[in-house]
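S.K.: Top line first, the protein sequences correspond to chains A and B. Heads up, the final residue of the first sequence is numbered 460 in this note's numbering, and it's a clean run with no missing numbers. Heads up, the final residue of the second sequence is numbered 293 in this note's numbering, and it's a clean run with no missing numbers.
You may find that some hints are simply not true.
As the list claims (entries may be wrong) - In the DMTMM-like style, the derived pairs of lysine to aspartate or glutamate whose C-alpha atoms are separated by at most 25 angstroms in a straight line are:
| # | chain 1 | residue 1 | chain 2 | residue 2 |
| --- | --- | --- | --- | --- |
| 1 | B | K286 | A | D246 |
| 2 | B | K260 | A | D364 |
| 3 | B | K286 | B | E243 |
| 4 | A | K358 | B | D229 |
| 5 | A | K359 | B | E280 |
| 6 | A | K358 | B | E126 |
| 7 | A | K59 | A | D303 |
| 8 | A | K235 | A | D110 |
| 9 | B | K286 | B | E152 |
| 10 | A | K359 | A | D407 |
| 11 | B | K264 | B | E280 |
| 12 | B | K286 | A | D211 |
| 13 | A | K359 | B | D241 |
| 14 | A | K332 | A | E361 |
| 15 | A | K359 | B | E243 |
| 16 | A | K358 | B | E227 |
| 17 | A | K359 | B | E126 |
| 18 | A | K332 | A | D364 |
| 19 | A | K435 | A | D409 |
| 20 | A | K235 | A | E428 |
| 21 | A | K332 | A | D407 |
| 22 | A | K359 | A | D321 |
| 23 | A | K235 | A | D246 |
In short, the hints are calculated from the structure, not lab data.
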Amino acid sequence: MNQELNASSSKHLRGKYAIVGVGETEYTRGSGCTTRTLGTRAVRAAIEDAGLTTSDVDGMLSYSYNDSTPSPIIAGDLGIRLDFHMDVYGGGSSIEALVGIAMGVIEAGMCNTVVIYRAMNGFSQVRIGGTGRGGRSALSGSSLFTRGIGLSSAGQMFCQSFMRHMYDYGTTPEQVAHVKVIHSEHAANNPKAYYKQRTTVEDVLSSRMIVKPLHLLDCCVETDNGTAIVVTRVDRANDCRHTPAVIQSVVGRCIKPRGDMHYQSGPISTVAGHYAKDILWPNAGVGPKDIQVTGSYDAFTFTTLLQLEDYGFCKKGEGGDYVSSGVMRLGGERPNNTSGGHLCEGYTHGVNMVIENVRQLRHDVDDSCAVGPDGKRQHTFEYGEGGCRQVKDVELTANLGWGTPGIGSAMVMARGG
Amino acid sequence: MALEGEYLSMPVHIDAIDREHFEFFSYCGRHELRAQQCVSCHLKRFPPTTACPFCSHPESTWERLSGCGAVYSYGEVHHAIQQIFRAHTPYMLLLVELDEQRNEPEEFDGLRVQGNLATADAELAPSDLVAQVGIGTRVKVLFKTIGTGLAIPLWAVDAEAEQPDKPWRYPIE
């Protein structure tokens, strides 16, 4: 076996770090509290879920669009003294990248256990695209090509890549709508999802147009929530409460040529995953066919589709067939976003999709199945409405984080021993 | 020194220290569409940048472009986010591929410009005009003066060009 694919290689810290705790607040519209409260609650919940105490945590990372509360305040509120922290700018594609940074700083001896969180009032305060904020400042040179032409939201920034994909490959609105339909089926089995109602293709196509080719239901929900995960070394993970989700490889904010001007470099219907895949799979020592559950970021229906293609889950251009074939459905060959994702569960800039895959790997997703005497849910694997959403015998998952068509992150996790 | 103006009630201020944009929009003020061309590798680039994205050389000259191209992709905004654009929906976010430097330096690369579809007199296009434009439509730059020595580029259907029989549009109108 090629050294790059040799699972015993320690070259890329494969198998050395794990996510041991996950925490979240309720997914709401109108949290009625500050991002400081959301962050504190999510971090505390993740530490408790790990079976750790606040004194076990000495590192903290967060990300935001300057719409959140930084980690010295969250840590301070919880009485945690940090040996390392950093609060970075950014949204989607940050969580996987920050997992990589957490592994690096622990490996460097800078700290031992890192909590990563995202706290946002994404509905009641700063909405997607920064609606209501920044609209009144003067247009500078570069913003004449953005705000000056009415191009400011995520949908407005991404629509040309989506449209070109339809043109290049014949992808149809009906195929794309299946992403929402399938994620809504998953959300119906997730008691904490913001939208639990099942949706049809017709519902998507008859919802009002936001920015062609995106109908309202092609766009994710906006919610208020705090979400957090705990990263530590595998040898410490074995003392934690749950089966660890062991990190096999990470790609952090990989970009297409020309970065934010990615549309100069073609084809524009190709996204950052095209480059990220060449790090993700060799470092993990597995390929897309080995993955049982995906978490392909669904800021929009299209983002899920484009990424699955470029990471090699299907051939380029065949994403429309892939997402509408039933492969991604619970009970299908490789379910995607089993919590309902951003389209239905809640908008977290990617954390809830990582949390969901951690729970899948524990074989303990929080659906409505009855809890047995051992404290674990007795999963039925019956995926009817309101039923189970645990995928059977999950050993390997992949998260595909989206920043823009030009920016992506990814992570492969395995069920710990 | 700065270029000052106002567009759709939005104030515009381009400081001279933002040299590349200051120069680009100054040329627009003279109704000239120009792109930086690298003095070393001679490739043109868009939008304005501080170095050559193909060879990293910091020096460039401003070369005049024909201002002709085709719609490479588009979005059509029906729900405006910015208050000021609500009166103009639906409006088009065009990605125009200019005729110069197509498929250079690599296949599928090009000089592509973000802009709005406009009428021949440089107003944002009404819905009946929007409905006629899609991928493949031939367009030509035109300028709207928004301040002293300052104009912005907009894109109109090129009346003199041979148009495709039917440009490609999103299948649901």
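S.K.: State the violated hints by number, sorted upward, taking the hints as numbered earlier in the document.
M.R.: 1, 2, 5, 6, 7, 9, 10, 13, 15, 17
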